[in-house]
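In case you want the letters, here they are:
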Amino acid sequence: MYPIRLTVEGRPLEDERRIDAELIERARGGEVVAYEELVRRYQDVAVRTAHLFAPDGDAEDATQEAFVKAYAALARFRPDAPFRPWLLRIVANEARNRRRSATRRVGLALRVVEDRRPDDAAPSPESAVLAGERRSDLLNAVNGLRDEDREVIAVRYFLDLSEAEAAETLGIPRGTVKSRLSRALGRLRERLATEEAGR
Amino acid sequence: MSELRRPLSTFGDEELAGELRAMAEWLQAPISGAPAGMPDPARRARLRIEAGELGHAGRARPSWWPLIGGRSRPLRRSFVLALIALTVLVAIVGAIGFGVPGIRIIFTGPSPSPTPTATALTPTPSPTLTTSPTPPGPPGSALDLGFATTLAEAPDLAGFPLLVPTSASLGPPDTVWFRDGRVSLVWAARPGLPETEADGIGLLVTQFRGSVHEDLFQKVLGPQSTLTPVTVNGEAGWWISGDLHEFMYLDPNGEVVSESRRIVGDSLIWTRGDMTLRMETSLGRAAAIALAETIR
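So the sequence lines, in the order shown, correspond to chains E and G.
Quick note: the first sequence uses the working numbering, first residue 2, plus one each step.
Quick note: the second sequence uses the working numbering, first residue 1101, plus one each step.
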């Protein structure tokens, strides 16, 4: 089980890039153990990515499959490029392929309210109810969006990827991330308005 | 408290972004299908690699290998035959000095003894094509092409400028669809545009960005398919006819992508710059090429 966290750890700082580069070189040299260490560094965000792209699938299984495919593709990885978005793109593709074969669509879900983080300050009961309703409304609207809109929202806001990383992960130009995100937020607002009007 | 009562639909982009970011920590975690104590994905991947499922990372097997050696076990059976057929094909292509960078063609079939000899037998339609004689909705809605969009919006979604036939007699497409980097233009069947293998569809043009590296895409063909090298505006292409086939290709990341779960009939495939296009039509080869050459 890999809990969803607010922030993504392991930003590609220089040190981390160097560690990645060393592990990639060793993996290319045939050290599968080095490859295991390399992908484990991004395993949490990979599983979350798989889940966000295909909530109805087995995120760990999709991640494992993507890791195997990424190993086969490692020879084509450009050493000067950041590894994390390259890997996440393969994970996202694997999850997408699985999503397409699913017969029924399952959306993202919220944790139960009691499952709050222990360091959360206890809100007043009324505030907690209102905040819970708001999250529920927002997620319903997100789940109602088409795949492309949901994906760009997921990578930018749920995974907190940078615009460049989001572009690499989604396999689209950076400018398209920006415009697609803007349109997705517009459509999200329309859905929210419809929900609010129906109340 | 008053802020909590303000409708979310009145929020600006930055405010909505803030709400979405804050919601991330409340999302339910992925549900693992693995029993407790099972190795994590990184370990399981390593075990599979060490078990010889893949080659050396530095000398990786072709990236379409997972298609054959992974979950698609029925294909594994005919893989040796496919290799033989591929060798024959490469020899033929080499002999006539023709080739499209990155194309890989694999023959496969249900019979344990298929031959790649092309004949004009009656194809056996897939059940997926016969279940819905009159699909409801706009043209193409039964083909699992993604979601409906427009000619104006599609380039922004796809991240590349759209290539559209400019034939005056054809006119603009009836519907436009987008999924995962692929744009599909659909024309309904009508006089002069005979129905394809897909019910009610007269013409389907699909385009996606492809890189120039080897293994760009592939088609999995039945043993009764014919494969003819052609040129479209001077660029290399293939005309595939005869048996129905499933369409698969490799995206620029080297990932195998099944364009859809459906089976397609006669089609023209060609490249234009860094784009790959595919046209499904019952017009025949010459008319298909003529139409393809009007694409701008």
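Keep in mind the hints are simulated off the structure, nothing from the lab.
Treat the hints with care, as some may be off.
[Claimed, not checked] No more than 20 Å apart at the CA atoms, straight line, and that leaves these computed lysine to aspartate or glutamate pairs for DMTMM-like: (1) K179/E with E1114/G; (2) K179/E with E1125/G; (3) K179/E with E1253/G; (4) K179/E with E197/E; (5) K179/E with E1119/G; (6) K179/E with D1113/G; (7) K179/E with E1393/G; (8) K179/E with E164/E; (9) K179/E with D148/E; (10) K179/E with E191/E.
[What the hints assert, rightly or not] Chain G regions said to be covered by chain E (calculated; three or more residues, Cβ under 8 Å): (11) 1104–1117; (12) 1123–1130; (13) 1143–1151.
Every residue gets a Cβ at the ideal spot worked out from N, C-alpha and C, and that includes glycine.
Checked hints:
For the proposed pair K179/E and E1114/G, the alpha carbon gap of about 13 Å is at most 20 Å, so the pair holds. Restraint check for K179/E and E1125/G: the C-alpha separation of about 23 Å exceeds 20 Å, so the hint is violated. Our distance criterion of 20 Å between C-alpha atoms is met by K179/E and E1253/G, whose separation comes to about 14 Å. Between K179/E and E197/E, the direct Cα distance comes to roughly 27 Å. Violation of the 20 Å bound is thereby established for this hinted pair.
The straight-line distance between the Cα atoms of K179/E and E1119/G is roughly 18 Å, inside the 20 Å bound, and the hint therefore holds. Taking the CA atoms of K179/E and D1113/G, the gap is about 12 Å. The hint holds against a cut of 20 Å. Taking the CA atoms of K179/E and E1393/G, the gap is about 34 Å. The hint is violated against a cut of 20 Å. Note on K179/E and E164/E: the hinted pairing holds, with a Cα-Cα distance of about 8 Å set against a maximum of 20 Å.
Simply put, K179/E and D148/E have alpha-carbon atoms about 16 Å apart, close enough for the 20 Å limit, and the pair holds. Proposed proximity of K179/E and E191/E is supported: the alpha carbons are some 19 Å apart, at most 20 Å. Check on the stretch 1104–1117 of chain G: 9 of its residues sit with their Cβ under 8 Å from a Cβ of chain E, so the three-residue criterion for coverage holds. Counting residues of the stretch 1123–1130 of chain G whose C-beta sits closer than 8 Å to any C-beta of chain E gives 8, which meets the bar of three, so the coverage hint holds.
Using a Cβ-Cβ cut-off of 8 Å, 7 residues of the stretch 1143–1151 of chain G lie near chain E, which meets the minimum of three, so the contact claim holds.
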